[in-house]
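Okay, here's what each chain looks like letter by letter:
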Amino acid sequence: DGGITQSPKYLFRKEGQNVTLSCEQNLNHDAMYWYRQDPGQGLRLIYYSQIVNDFQKGDIAEGYSVSREKKESFPLTVTSAQKNPTAFYLCASRGRGPSNTEAFFGQGTRLTVV
Amino acid sequence: DQQVKQNSPSLSVQEGRISILNCDYTNSMFDYFLWYKKYPAEGPTFLISISSIKDKNEDGRFTVFLNKSAKHLSLHIVPSQPGDSAVYFCAASSNFGNEKLTFGTGTRLTIIP
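Protein chains in written order, with my numbering: chain A, 375 to 488; chain B, 420 to 532.
What the hints contain is simulated information worked out from the structure, not anything from laboratory work. Be careful, since some hints might not be right.
Reference listing, derived: stretches of chain A covered by chain B, where coverage requires no fewer than 3 residues with Cβ under 8 Å from a Cβ of chain B [what the hints assert, rightly or not]: (1) 444-452; (2) 456-468; (3) 476-486.
Far from chain A by the CB rule (all over 12 Å, computed), these chain B residues [said to hold, decoys possible]: (4) Gln422; (5) Lys424; (6) Met448; (7) Thr464; (8) Leu466; (9) Ser504; (10) Ala510; (11) Ser512; (12) Lys519.
We put the beta carbon where it would ideally sit given N, CA and C, even for glycine.
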């Protein structure tokens, strides 16, 4: 089955530690996105990538880093510089062309700093 | 700067009636708009989209209307069903394909049986 998979579903991190969230897709999509959801804030874009080995900052990139070494993978690292990392993180992918313009989302990772 | 706005955080509608969810945008470069439905602790699922060359798109119980001059779009759900209770997000992008996808803050729709 084609889809987009995020892991883990729940993640706990101690303050001061970096943590990496996984996102894998087998939809052959070029574009991938990371969003963060907080109560009452909607979905805010952290980073996005239109092609392998290239990515752009979104609206709230500070304290985060990404890589895009493979088309199917777009991991997000939440660094210790992120002041308020507890949130629900969503990864999405999107294809090219007018017939492939909807984004498909993973099931999300809830990160809690303890 | 919130380029996509959903000014109603919540909406309650009786089962069987029409639900109308609204979305406004400020960036005139946006030319493709999408609506998503989201349940708690899950990823959003795509509902319906519309290109800026159209003013209406229908898919079953869902219809999206676009008013470019007002920079406004709306999602109509008719008839509303209990399973429609969820948070609805509108989103916008400026090109087909791989442009930045910007979401609104969401509207929580509750269908009253």
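Results for each hint:
no. : hint    : verdict
1   : 444-452 : violated (count 0)
2   : 456-468 : holds (count 4)
3   : 476-486 : holds (count 8)
4   : Gln422  : violated, 9 Å
5   : Lys424  : violated, 10 Å
6   : Met448  : holds, 15 Å
7   : Thr464  : violated, 7 Å
8   : Leu466  : violated, 9 Å
9   : Ser504  : holds, 18 Å
10  : Ala510  : violated, 8 Å
11  : Ser512  : violated, 7 Å
12  : Lys519  : violated, 6 Å
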